[in-house]
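Asker: Spelled out, the chains give:
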Amino acid sequence: MTRRPKPEPVQVVKERRDAALRAIVHGVPFIQFLGIEFERRGDELTAVLPFGERLIGNPLLPALHGGATAAFLEVASIIELSWSLIWEEMESGRLDPKTLDPGHLPRLPKTIDFTVDYLRTGLPRDAYARARVNRSGRRYASVHVEAWQDNRSRLFAQATGHFLMPGRGDG
Amino acid sequence: MNEQKQALARQFIEAIPYSRALGMVLDEIGDGVAVISMPYDARIVGDPETGVIHGGAVSALMDTCGGAAVMSHPSNPGGTATIDLRIDYMRPAKPGQRITARAECYNITRTVAFVRATAHDEDLSRPVATATGAFTVERAEGRA
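The listed protein sequences correspond, in order, to chains H and U.
The first sequence begins at 1 in our numbering and counts up one residue at a time.
The second sequence begins at 1001 in our numbering and counts up one residue at a time.
Derived by calculation from the structure, the hints in this document are not laboratory data.
Quick reminder that beta carbons are idealized off the backbone N, C-alpha and C, glycines included.
Just so you know, not all the hints are guaranteed correct.
To be verified - Ranges of calculated distance between the beta carbons of each label pair, as one might list FRET restraints:
(1) H:59 - U:1076: 37 to 43 Å
(2) H:125 - U:1140: 25 to 31 Å
(3) U:1005 - H:15: 54 to 60 Å
(4) U:1088 - H:104: 47 to 53 Å
Claimed, not checked - Think about it this way: if two alpha-carbon atoms lie no more than 25 Å apart in a straight line, the pair counts; the simulated SDA-like pairs of lysine to any residue are:
(5) H:110 - U:1033
(6) H:110 - U:1079
(7) U:1094 - H:121
(8) H:110 - U:1088
Using the sequences provided together with the hints, build the complete structure.
Answerer: Listed below in structure tokens is the structure:
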């Protein structure tokens, strides 16, 4: 009978996961430009778009720019998909997050198409998004994402996107 | 669309904070067609390895351009908001090159405006992205 290995200390596990997430998020200039952050609970990610004046699209209302909302949803989708791809490699020990420096980041999926539904006006306050990978194939993936502000059940936008998986099919 | 109205539209679009942050410039507008461009900028890169800009930055250009096309339609809508927008990414935009979007409001009803748009970099023979969208039509003030 084999004895179970002793579980890793919780701080070691957290540090490894947070380092991997930081590496993929901070490596992308556009994510920094928008100021998007990610909160993590286990493998669940929530994207946060802190409000900033530069995100306004209609100064009279005022309302978030549809392009800022779309970008936020697309970023949330791509990071969720990348995260789901590196999660298993990281947890099995095949990928050491310490090797993820700016020159050695995992290749990101490429957007094939992205469709945004604008359900309500984006208010001048923080926005949140969670994405779900509905299909993750060898070459293609389909991801759905929902965004809200004050109430989780009152979405202000949702989107579906198709992505080309990194390192395959794109030559 | 007369020159005064065009100048107003230019001021209006170039004053939108998010469009300003991306450096958008209105190149042409009138009769349901708008052309808006934005410069390449290291801050909007989505793939640090290749320097290709993020799709999300192209979305903003398509959305702004689509809204401008609706506003310039001869039926003179009082305002508009995006209902939905689908973007198809044909190829990565060449790093360093300006992106130009052309949107056309090809049909409008009392309540909905239908738009299609195409974005190019400096190679005009192959689009970077295409988009289709539906926009709301708000009545102009003073018309019931």
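Asker: May I ask which of the numbered hints given earlier this structure violates, with the numbers listed in increasing order?
Answerer: 1, 4, 5, 6 and 7
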